[in-house]
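In mature numbering (1 follows the signal peptide of the UniProt record, and there is no 0), the protein residues as written are -34 to -1, 1 to 414.
Don't read these hints as lab results, they were simulated from the structure. Note that the structure is predicted; figures quoted are calculated from it, not measured. Beta carbons: idealized from backbone N, C-alpha and C, even for Gly. One should not assume that every hint holds.
Said to hold, decoys possible - Derived DSSO-like pairs: lysine-lysine, alpha-carbon spacing no greater than 30 Å straight-line:
no.	residue 1	residue 2
1	Lys329	Lys85
2	Lys160	Lys264
3	Lys3	Lys294
4	Lys107	Lys329
5	Lys33	Lys264
6	Lys264	Lys3
7	Lys3	Lys29
Claimed, not checked - Label-pair restraints from in silico Cβ distances:
no.	residue 1	residue 2	range
8	Asn292	Asp90	13 to 23 Å
9	Asp90	Ser227	44 to 54 Å
10	Asp90	Thr57	26 to 36 Å
11	Ser227	Asp141	22 to 32 Å
12	Ser193	Ser58	35 to 45 Å
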Amino acid sequence: MKKINSYNSRPLLFLFLICIVLLTTLTGCSSAKADSKIQITFWHEMTGPAQVQLEKFVNEFNKSQNKYTVVPQFEGNYNEAVQKILNTHGTSASPAVFQSMDISTSQIYNSGYTTPVQKFINADNYNVNKISAVARAFYSKNGQQLSMPFNTSQPVLYYNASLLKKYDITPPPVDPSYSDISRVAQQLYARSDKKVKGLSVEIYGWLFEQFLANSGESLANNDDGHSGTPTAVNFSGTTAMTTMKWIQENIKSGAFMNYGSGSNAPTNEMAGFLSGKLGMFLQSSADISQLTAGTEDKLGITYYPHPDGQKSNGVSIGGASLWISNDKSRKVQRGSWEFIKYLMRSQNQAAWQAATGYLALNKDSQKEAVLQKLYQKNPAARIPSQQLARTVPNNTNSGIFMQGLIQERTLTQTAMEQIYDGKNIKSSLQDAEKQMNSYVKSLNQANK
């Protein structure tokens, strides 16, 4: 009897062993499948709400497909990230896809370290026309899209609509001239018994560049670098002289506020505006979220002002774009592009604008419910997107394709500070221009 039982148990034992083997094999396959997902290292410089939203996008992308895993890594500020990108290229530490600031475009391009996204646009017949033309133009060269614009802002004029109503002042028009702004600033300063300053223009090279762009005047020769490598800059042309005179005269009269230079200047400017001591200021459209959360006063927004007697040419953008490293395999580069495409979907761009204040670049985003809800709550929030949509890209509003823009901003900011303090406008601008031209000459010689 025992013998029979022992014999009959052998098939059961055999089946049990087979099950264990199969279970182990299946578990191993599942694990191998998970481990076989292609890793995409993504370097970015976002903090605060933008970082939260960006990491949400990463998680959603990773869950949306089974081929790639994007691993986000914060790499410090823009300047720090650019140096890390250049220093790690060709090593295992380099990123597959990375975010790089607008003014580093020429530097990244000339490094030769990236694969233009145009390659993938062509391969996929991707409808890039859905993406803002003026944003794309900033990151293009010779008809090729070098990188994909991502966190994008434009400079706008903010005004405290409640404050203007209090003092019975007609707000500036949507597309204001310098005189339109002067009227509001001077009335506000006078009617408040000089307790409220009318306008501040931060000592910021980006704003200096935008004054020139909006008047259709190049800052650098060779069409701001779009038709050839710049060999000289123009800091003291008609627009710069007119604009700096406008600001200096209004500072002297007391209607404009000078918050000085340095990292505290924009903080003090924002605080002055939120506390009702400043009526208007020029700054990035990405500040909308902070402004609407910081005060119960009604916020007004207009396009960037332009010189009297001429139409606005349109301003350039700010922010950063997404690049694909060429030191990675084809599969990794393809995964990087798939992630970029995911970020540029209309619903994601709409969510990005609502969460961060950066502008949605996919034209279809304006139809998304999240933006419609935002505009219904704050109609002025629509203005920056309208300014972006109305701008027809040309050589003077599509960014400055020149290396050394950090130095350019340092010099123009020095000139602005001198002018705000009452020094001679022409000599201040020409001194900065002379120094920059010397720097450009040395840079071009070094790059030969």
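Taking the hints in turn, this is what the structure says about them:
Among the hinted pairs, Lys329 with Lys85 is consistent with the structure: their alpha-carbon atoms are about 22 Å apart, no more than 30 Å. The hinted pair formed by Lys160 and Lys264 meets the criterion: a straight-line CA distance of about 22 Å does not exceed 30 Å. A hinted pair counts as satisfied when its Cα atoms are at most 30 Å apart, and Lys3 with Lys294 qualifies at roughly 15 Å. The hinted pair formed by Lys107 and Lys329 meets the criterion: a straight-line CA distance of about 22 Å does not exceed 30 Å.
A C-alpha spacing of about 47 Å is found between Lys33 and Lys264, which places the hinted pair above 30 Å, so the restraint is violated. As the CA atoms of Lys264 and Lys3 are separated by approximately 49 Å, the hinted pair breaks the 30 Å bound. Annotation: proposed proximity of Lys3 to Lys29 holds, straight-line Cα distance about 12 Å (limit 30 Å). The hinted range of 13 to 23 Å is satisfied by Asn292 and Asp90, whose Cβ atoms lie roughly 18 Å apart.
For Asp90 paired with Ser227, a C-beta distance near 46 Å keeps the hint of 44 to 54 Å intact. Distance hint for Asp90 and Thr57: a CB-CB separation of about 29 Å, consistent with the stated range 26 to 36 Å. For Ser227 and Asp141, the Cβ-Cβ distance of about 29 Å falls inside the hinted range of 22 to 32 Å, so the restraint holds. In this structure the hint that Ser193 and Ser58 lie 35 to 45 Å apart at CB holds, the actual value being about 39 Å.
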